[in-house]
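Generate coordinates for the entire structure from the input sequences, incorporating the hints supplied.
Single-letter residue listing:
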Amino acid sequence: MKNTDTSSYQHFLKVVDCQHACPAHTPVPEYIRLIAEKRYTEAYMINWQSNVFPGVLGRVCDRPCEPACRRTRVEAEPVAICRLKRVASDYKEDIYSYLPSIPQQKNTKRIALIGAGPASLTVARDLLPLGYEVVLYERDAKAGGMMRSQIPAFRLPETVLDEELNYILQMGVECHFGEEITSLAKLLQAKFDAIFIGTGAPSGRWLEIPGHDLASDHIKVGINWLANVSFKHTEEAPKRVVVLGGGNTAMDCCRTAKRLGASEVNVLVRSSFDAMKASPWEKADAQAEGITITPDHSPIEYVISGGKFIGVRFEKVASSYDEHGKRTLRATGETILVECDLVLVAVGQDTAFPWIERDIGLKFNKWQQPTLNKETLQSSLAQVFFGGDAAFGPENIITAVANGHQAAISIDLFCQGKDTQQDRPEAGFNLVSQKMGIHDWSYQSGISHEQRHQVPHIAWEEAVKQLNTEVELGFDEKLALEEAHRCLNCDVHTVFNENTCIECSACDDICPMDCINFVDVDQHSDKNAEQIIDKLRVKEINPQQELLVSPALKTGRIMIKDEDVCLHCGLCAERCPTGAWDMKKLMIDNIGATIK
Amino acid sequence: MSYQKSSFYHPRLPVNDLGLTYRDYEGALSTLCAGCGHDAITSAIVQACFELSLPPHQVAKMSGIGCSSKAPNYFLNKSHGFNSVHGRMPSVTTGANLANRDLTYLAMSGDGDSASIGLGQFAHVVRRQLNMLYVVANNGVYGLTKGQLAATADKGVTNKGGELSLFSDIDLCVMALQLGATFVARSFSGDKKQLVPLIKAAMSHQGFAFIDIVSPCVTFNNHASSTRSYDYVHEHITTAAVTDFIPVKTEITSDCQAGVCEDICLHDGSLMRIHKLQADYDTKNAMKAINDIESHKQKGEILTGLFYLDPNGESFHDVNNSSDTPLNQLKQEVLCPGNRVLSSINDSFR
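Going down the list, the protein sequences come from chains A and B.
Sequential numbering from 1 applies to the first sequence in our numbering.
Sequential numbering from 1 applies to the second sequence in our numbering.
Result set (DSS-like, lysine-lysine): computed pairs, CA atoms no more than 30 angstroms apart in a straight line:
hint, chain 1, residue 1, chain 2, residue 2
1, B, K78, A, K539
2, B, K5, A, K478
3, B, K5, A, K14
4, A, K316, A, K277
5, B, K5, A, K539
6, B, K146, A, K435
7, B, K297, A, K554
8, A, K596, A, K2
9, A, K554, B, K276
10, B, K193, A, K539
11, A, K435, B, K160
12, A, K38, B, K5
13, A, K539, B, K276
14, B, K193, A, K535
Here chain B is said to cover these stretches of chain A; the calculated rule only asks that three of the stretch's residues, wherever they fall, bring their Cβ under 8 angstroms from a Cβ of chain B:
hint, stretch
15, 65-78
16, 495-505
17, 554-568
Incomplete in silico selection of chain A near chain B, CB under 7 angstroms:
hint, residue
18, I447
19, D509
20, P512
21, D514
22, V538
23, E540
24, R575
25, P577
Bear in mind the hints are in silico, worked out from the structure with no lab data behind them.
Remember, predicted model here, so these are calculated numbers, not experimental data.
C-beta: ideal position from N, C-alpha, C; glycine also.
What follows is the structure, encoded as structure tokens:
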């Protein structure tokens with residue numbers, strides 16, 4: 001069993017599960033601690049630095065951090081990380097003085113950004129303070145990309161989006177709204193040092209089942225329909241609406257249809273309810289607004305009778321899974337007709353690159369996606385970079401932001417004539433002791449046993465009447481502080497020094513979670529890791545989580561700490577008579593460089 | 001500052017026959033010094049009671065005065081307990097045991113409480129063969145009064161303040177062996193692999209069981225000239241046999257090779273399995289045990305492990321022929337059977 005390498009930040013970052021799970025590696029515990037101290041502006045700025053759109057993401061993020069939250073391994077629910085981000089955004093003061101200054105003297109490098117979504121704007125935010133000139137092309141009349149066109153205002157108010165877009169646009173982006181790029185070859189002729197493509201996945205899929213052509217007046221692609229609502233081209237919905245699909249777009253479609261006057265809204269999806277792609281909270285909110293979700297139904301026909309569109313016929317299916325978790329659907333033969341006036345199709349979306357000529361040296365793979373280096377996001381044309389949904393197909397906003405950081409680093413290196421892979425900067429890190437006194441830490445080490453708090457919302461019957469009123473009210477200050485205290489401060493690490501340990505066993509006796517073990521290792525018989533793991537206090541370890549393994553102590557034993565369920569309560573360090581344990585906060589100086 | 005330990009516990013913690021985890025056998029958060037050996041003893045007791053599946057309400061924890069005697073507050077908070085006058089825990093335990101012989105008596109004392117002010121009480125409770133486990137947390141100093149040398153400190157050592165130990169030490173194991181204890185062992189707070197099986201066997205043993213546990217005082221007796229410091233004990237500890245406790249229900253899987261291994265059946269059917277490290281090791285000979293303890297001491301070694309075990313020895317209630325039903329459960333009419341019985345007793349003396 002190898003000693004843990006504590007000379008780099010990798011082990012420590014992995015212990016901060018939420019931060020590690022966040023594609024942009026947002027320092028979650030750090031900003032939650034600032035919220036707990038009511039330092040909302042600083043909490044906001046920590047977020048702004050790494051995820052660029054805290055107000056937006058505090059409302060509509062896919063929250064990869066929350067399932068990763070360590071609290072789910074010791075109790076039922078994770079910390080409401082996402083909604084605490086919104087708290088920072090709601091209660092912050094004016095942040096203009098905190099924004100980076102933009103050099104008057106430019107560095108003569110011009111960068112073109114295509115598409116004004118989260119990926120492109122992150123690139124702009126990262127490059128403008130370095131002196132780059134940034135030129136933005138967007139086919140729509142406003143910036144925001146899918147954050148504006150596909151996310152309804154009752155989940156993400158326009159004012160919040162505009163505010164955060166403006167922080168970036170006001171740094172001096174040269175904007176060309178309503179200007180669609182139709183040829184990359186032509187753009188390559190223009191004098192740009194690098195081009196970033198963040199055009200998203202703008203092409204919604206149709207469902208080509210019998211009756212499609214005759215019923216086409218009654219069928220709309222979900223994302224296009226939502227964009228039309230957003231830009232006020234569509235202002236009402238018929239009485240009966242069927243939504244096909246089970247992702248978050250389907251949830252946005254059904255809730256929007258309800259607000260535009262539909263009284264009977266049915267979502268039908270092929271998968272089981274649990275396997276639906278939509279976030280659990282989006283499903284719950286849709287149901288609370290009176291929308292029927294019918295799982296296990298596969299659409300087989302758009303039904304036309306006497307030249308008139310009647311509805312959609314479905315066949316009931318059953319999902320079964322093989323040992324690899326692969327799903328197969330079995331038709332049961334049972335069919336139903338759901339009558340409706342409008343069908344919204346939300347069964348997926350794709351990237352679209354008809355404007356990129358295939359003979360200019362930019363390679364595409366067999367799925368018609370550009371061939372990219374995963375870390376640098378550089379295409380086979382050295383000056384062209386991709387990010388967001390355009391890079392690898394539909395993901396989410398926070399992934400687009402992470403890609404933006406990666407691409408910005410690459411573009412900066414490329415423009416300096418450096419190698420985008422070899423010369424990539426590595427983040428520096430520091431572990432700072434949090435000790436204030438014998439039993440005193442500069443973070444709240446006591447564990448809160450409170451359960452997760454629900455976010456207050458307006459009454460559901462009011463919510464469905466108003467297209468642009470935000471449903472969630474956000475945490476008030478009291479709830480926010482209680483929720484913030486649930487955070488386990490996983491970024492305050494238990495750091496062990498084998499040279500000062502006297503093996504008194506005080507730490508492994510006090511640890512409430514049985515994380516710490518002092519293990520006799522027989523060099524001859526304990527050859528493999530399993531034999532050593534069999535000597536741990538809790539033998540059933542979580543293979544996804546790290547072990548902290550020390551070099552041999554004075555008696556020849558080794559210390560093994562299972563990081564899995566550590567509460568970071570600091571009792572081991574408080575009980576250590578020689579200071580062999582210390583609670584140290586992980587500080588990373590360049591979060592962007594940690595995104596691989 | 002942490003005033004409490006979180007009530008969260010490891011989701012994959014094993015449970016015992018009663019469905020309890022070891023966390024259910026814990027007590028209040030210790031206020032002893034960080035790194036105190038007594039906290040490790042606490043943890044070993046918690047582990048032993050958990051592994052024995054003892055119903056917590058069937059245990060009484062008894063103590064006197066001192067750092068050691070504070071420790072029962074830190075384990076078994078669902079058990080009975082009595083924190084008595086300095087050195088008088090043996091008398092109180094005798095009284096409790098007389099009233100209710102069904103409880104398991106776990107006494108925790110220290111070198112001051114047992115080898116100084118309570119030495120007389122200690123001697124008599126061994127002699128009385130009370131059915132109990134008597135644990136002494138032995139650190140060689142009076143920690144609670146800032147580190148004066150205790151009666152168990154080796155002759156010639158100095159305390160943290162430089163005071164020289166002028167007198168011979170009292171070895172409580174030797175005393176217990178001389179006075180007829182039927183289970184005598186020594187262990188080290190820093191060696192739970194040895195300590196936990198010893199505590200389990202001692203608690204299962206019928207009769208007087210004594211374990212002297214070297215438990216370093218991290219604040220007052222962990223310096224270079226101490227013979228009770230962590231470093232000194234780690235370097236000078238030796239053992240004659242490795243002991244393992246096998247509870248009644250467990251199937252015995254491996255064979256016991258004669259000459260190297262010995263199984264001793266305890267009163268309740270559980271086994272004490274002994275792997276001899278020294279060929280002449282013998283649990284049946286108290287005189288030899290005394291000899292071994294003293295000869296190792298002369299070599300500067302601390303001999304630990306099980307010294308002596310008589311699984312069939314008599315205990316106080318056997319000697320006294322007392323009622324099988326605990327006295328506290330006897331009804332008024334049984335305890336005070338009235339004039340007719342009294343007259344017949346009186347008649348028997350005429």
